[in-house]
Amino acid sequence: MVQLTLLWMNVGVILGALAQGARVGFSARGMSGANGWLASLAVGVAFALLGGWAGTLLFGRLYGTPTALWVGILGVVVAPWLWARLRRRNIATPAE
Amino acid sequence: MSHESTVDSRIPTPSEASRRPSGSPLGRRLGAIGRGLARVLLAALLVVGVAMTLVPQGRGALRAAMLLPALISASQPLPLTVNGDDVRHTATTVPSQGGTVYLDVYEPAAATPLTPGAREGVVIIPGVGDERREPQLINLVEAMARSGIVAMLMTTPTLISYALAPVDADAVAQAVLRLQRWPGVGANRVGILGFSAGGALASLAAAQPRMHGHIAFLTFFGGYFHAESLLMDVGRRALTADGKTQPWKPDNVPLLVLANTIAATVPAQEASVLTAAFSNGVSPLSADQLAQLSPSTQAAYHLLAGDQPEQAAANVAALSPAMHQLLAALSPSSVVQDLATPVYLLHDQSDPFVPFTESRDFDAALNRLGAPHQFVEFSIFQHVEVKSGLGIGPLIADGFRLYRVVYALLEPSI
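Going down the list, the protein sequences come from chains A and B. For the first sequence, the working numbering gives the first residue as 1, with consecutive numbering after it. For the second sequence, the working numbering gives the first residue as 1, with consecutive numbering after it.
Simulated from the structure, these hints should not be mistaken for laboratory data. We put the CB at the ideal spot given by N, CA and C, even for glycine. Don't take each hint at face value.
Chain B regions said to be covered by chain A (calculated; three or more residues, Cβ under 8 Å) [said to hold, decoys possible]:
no., segment
1, 54-63
2, 81-87
3, 142-155
4, 391-400
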């Protein structure tokens, strides 16, 4: 499983980079500089790992990587969108 | 200034960010193309990932794709070795009416996944001889185990000694019942894959009333349908396909197996003469040796030796009642009407062990009965092993046919 875990981490990094390239990552949602890249890659890795382990548990080891793929993509696309939305809300309704 | 205007100035939307002027027009154009490609790639990977995990047919397609290379080559694809389960091998035995049944179980080492909740099991009868260490077969069962299937290789002392006996149908039944009780295996997900003569034993076992409803599928690769018509083709060194008779030279192994099998019906002295004539290729008997044999044993000898091809029908007719009875008892044709499970027939057109017309006859019988089945003819196999030095064309064509069968086999369990 160590080998597979490393594979899923690599998948997550690639997905994070793809999201940045597609302008749907954190940089495109307003996170500036290297932070945007780092956040996208980190979220990609985290979701790919989550997907890989969940896929293995649910469907078997053969299906861990395909699950890591689509869960990772959902993560790198949805997480920046959610982050921007929450940030907008926080800025729009500042603490008293 | 309102809150809204403050937010908009700090957080641009992706579309706004992409409209920012940066670099030369060419650079902007290339950037837009790269952005578009990245989005298409993400969308495509998302669809593929979802299809291969959440859609049952997609899971089956992935597993069939992983198994295919193990079937058409002596290797396993890298994605399967990396992503597949570790394999655990267990050797065990079970008793049967014909003696001890040797079982080699290859299974995933990991726990059973939550979906579908139980593993598929396949009892594999490799045919005659001791094939339990044959590299291509081991490669296949390990690939099956890596993809989540519990594969059980079975053989018997009779099969190992290159002979067939109807009583070994009980050995197959015992193996199936043992696999149904194997931890993690779904009792209604056990099928049989019979190579060569193993297919006949599989059908004899599946036809037993106690096995009805217990076998998910039957797959016969290079098997025979009617032992007497097989003997006839061996005797005349020819087969008839599409109304045309063509020469057919049998391999020495089926001659040995038929000699050993028929020898069980004759006195010991005649049996030793008959089997010795085919134990190492064909060793023609002298006139004196032939004269010591009964007419029916002489007929069997001539059929196997192929020295009277014009009299093959007469020699078959001259076989003793015990021989006819034995050949019928070893024939799937005797029990085809009792097979209450989907049947998959696979046969290579240039098979030198069993004429491919045997599977055509099986197919025709199942058609007449309206029984669920599939029949596929190949050109890339040497009996049940892949030929070496094949071009990519035949591999792709036959690989696609084989993929469809493997997918159909795995579909009920996904």
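Results for each hint:
1. Counting residues of the segment 54-63 of chain B whose CB lies closer than 8 Å to any CB of chain A gives 3, which reaches the minimum of 3, so the coverage claim holds.
2. Coverage of the segment 81-87 of chain B by chain A holds. Counting CB-CB distances below 8 Å, 4 residues qualify, and the rule asks for three or more.
3. Here's how the segment 142-155 of chain B fares: 3 of its residues keep a CB closer than 8 Å to some CB of chain A, so the rule of at least three is met and the hint holds.
4. Coverage of the segment 391-400 of chain B by chain A is violated. Counting CB-CB distances below 8 Å, 0 residues qualify, and the rule asks for three or more.
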